[in-house]
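Peer 1: Same order as they appear, the protein sequences are chains S and A.
Under the working numbering, think of the first position of the first sequence as 1, with each following residue one higher.
Under the working numbering, think of the first position of the second sequence as 1, with each following residue one higher.
Bear in mind the hints are in silico, worked out from the structure with no lab data behind them.
Heads up, some of the hints might be wrong.
Identical chains blur together in the list; that is why a pair holds if it fits in one copy or across any two.
Said to hold, decoys possible - Cross-link-like lysine-lysine pairs, in silico, DSSO-like; alpha carbons within 30 Å at most: (1) LYS147 with LYS230; (2) LYS234 with LYS163; (3) LYS217 with LYS163; (4) LYS217 with LYS234; (5) LYS147 with LYS121; (6) LYS163 with LYS218; (7) LYS163 with LYS230; (8) LYS163 with LYS152; (9) LYS163 with LYS121; (10) LYS152 with LYS217.
There are 2 protein chains.
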Amino acid sequence: MNNPIVGIYAFPLEAYTSDFRGKPTLHAIGGVLMQAATRHAEERGFGYSAMNEQNRAWVLSRLAIEMRRFPINDHQIRVRTWVPEINRLFTERCFSLNDSAGNHIGDARSLWAAIDLETRKPTVITDMPGFDRFICREPSAIENVRKIPPIKENCTVESFTVKYSDLDINGHLNSIKYIEHLSDTFPVEMYQQQDVRRFEICYTAEGRYGAQLDILKKEDHDGVFVMEIKNSEKTICSARVSWGINR
Amino acid sequence: MNNPIVGIYAFPLEAYTSDFRGKPTLHAIGGVLMQAATRHAEERGFGYSAMNEQNRAWVLSRLAIEMRRFPINDHQIRVRTWVPEINRLFTERCFSLNDSAGNHIGDARSLWAAIDLETRKPTVITDMPGFDRFICREPSAIENVRKIPPIKENCTVESFTVKYSDLDINGHLNSIKYIEHLSDTFPVEMYQQQDVRRFEICYTAEGRYGAQLDILKKEDHDGVFVMEIKNSEKTICSARVSWGINR
């Protein structure tokens, strides 16, 4: 328990994990954030194992990623992560991303709930002993997820069925797979000229195995897309994807 | 260039990268093999960068993976990799997999061609200076990919379009994504009771962006499936997937 409050982790970026441009995909970056979060929490006694013993699990509720620059053919990404705030039902986690030369390339912030594995309802976080020792009041460099307006029109651009590879250890659609499915609705021609500058997602319900899901997409204003993933009954996530010229 | 002939690499396994059973997926294992191969070659002067300077790229031609046991909720996988043989147009690469406690959990072997990036044809490998210094005559613990019979019936079980996330740095369907798409045709009920014991794949043509691909599947004999991925003209890969009871 002598770990510093802020965690710093390096992840290799291999030719194999990059997209056709030699840049890491947004879901690869999301994966790296999840790994940094997992390690930071695990090393400090409030990770997957400790939560599992209490029959609880961390569930990602919101995530915003802002990239200043996507490194090309770099060999490493470095992540600083810390917990700036704990509320009764939610805890925030911030991230700052550097390339292998130490340049600041992006930031992210996330909101997590600790659900009870049986009821699937959020539990009180503030009762976790010692958790508050790891709070670092450094604010995030980026804005929180802003309200994402519901899509009222029928703007389905893609449908998919939740399969084996989509599932996480809780048996639901993996938080990062959402990002991959959303990213895949944009044509490669767009990736040739632009990068996703800011990505925001709110997870509102669980994607279950075998569910047929629709992806809705609508250009809100120039280069900014509002998106939803829906099952037959309701919206399971909403997202906003903001594009900008390649840097 | 003072690297040992055999490379040994450790990769973290995170809760985030495991399947609903807490086991690494076969495509995650394939990814780890590709990363070990990339690092081993790069460190010894015949990797992606050196090949790119010669306007060539390594292309995976065949891969066989045999798993004795899939680790559950382990935190690390260790890969030994070496090149047992170089022929005029192909080079073989072997792998041996250990869990974090050092137990032998699986093996793999692969065949690679070095294609010319313009003509997309295989080039002569034996002319690469110094490459033969890294040959280790240790044979693979497992059998090579055996001949996979063509599927003559119309056994299409799934179709998909090659999207952004499917592409590798050469702009073609990523070798490991084939494994993910093939794995997804099996229901989770099968993964609950069984594991893939042996997986074999032959890559015969490139999957291009936007192509509509069909997956064909046929149970050859008890628990052994022959599979193909086809575009409108031809078979781009064939595979054999052999299942066995969970260990």
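Peer 1: Could you run down the list of hints and mark each one as holding or not?
Peer 2: Now the hints, each set against the structure:
In this homomeric assembly, LYS147 and LYS230 come within 30 Å of each other (Cα to Cα) only inside a single copy, at 18 Å, whereas the closest approach across copies is 43 Å. For a Cα distance limit of 30 Å, the shortest separation of LYS234 from LYS163 qualifies both inside one copy, at 19 Å, and across copies, at 26 Å. Proximity of LYS217 and LYS163 under a CA criterion of 30 Å is satisfied in both settings, with 22 Å inside one chain copy and 17 Å between copies. Only within a single protomer do LYS217 and LYS234 lie at most 30 Å apart by alpha-carbon distance; the minimum there is 15 Å, versus 34 Å between protomers.
Within a single copy, LYS147 and LYS121 get their C-alpha atoms as close as 23 Å, which meets the 30 Å cut-off; across copies the closest is 52 Å, which misses it. When the C-alpha separation of LYS163 and LYS218 is checked against a cutoff of 30 Å, the pair qualifies both within a copy, at 26 Å, and between copies, at 19 Å. For the identical chains of this complex, LYS163 and LYS230 are neighbours both inside a copy (16 Å) and across copies (20 Å), given an alpha-carbon limit of 30 Å. When the C-alpha separation of LYS163 and LYS152 is checked against a cutoff of 30 Å, the pair qualifies both within a copy, at 28 Å, and between copies, at 27 Å.
Only within a single protomer do LYS163 and LYS121 lie at most 30 Å apart by alpha-carbon distance; the minimum there is 24 Å, versus 35 Å between protomers. For a Cα distance limit of 30 Å, the shortest separation of LYS152 from LYS217 inside one copy, 11 Å, qualifies, whereas the shortest one across copies, 40 Å, does not.
Hint compliance for this structure: no hint is broken.
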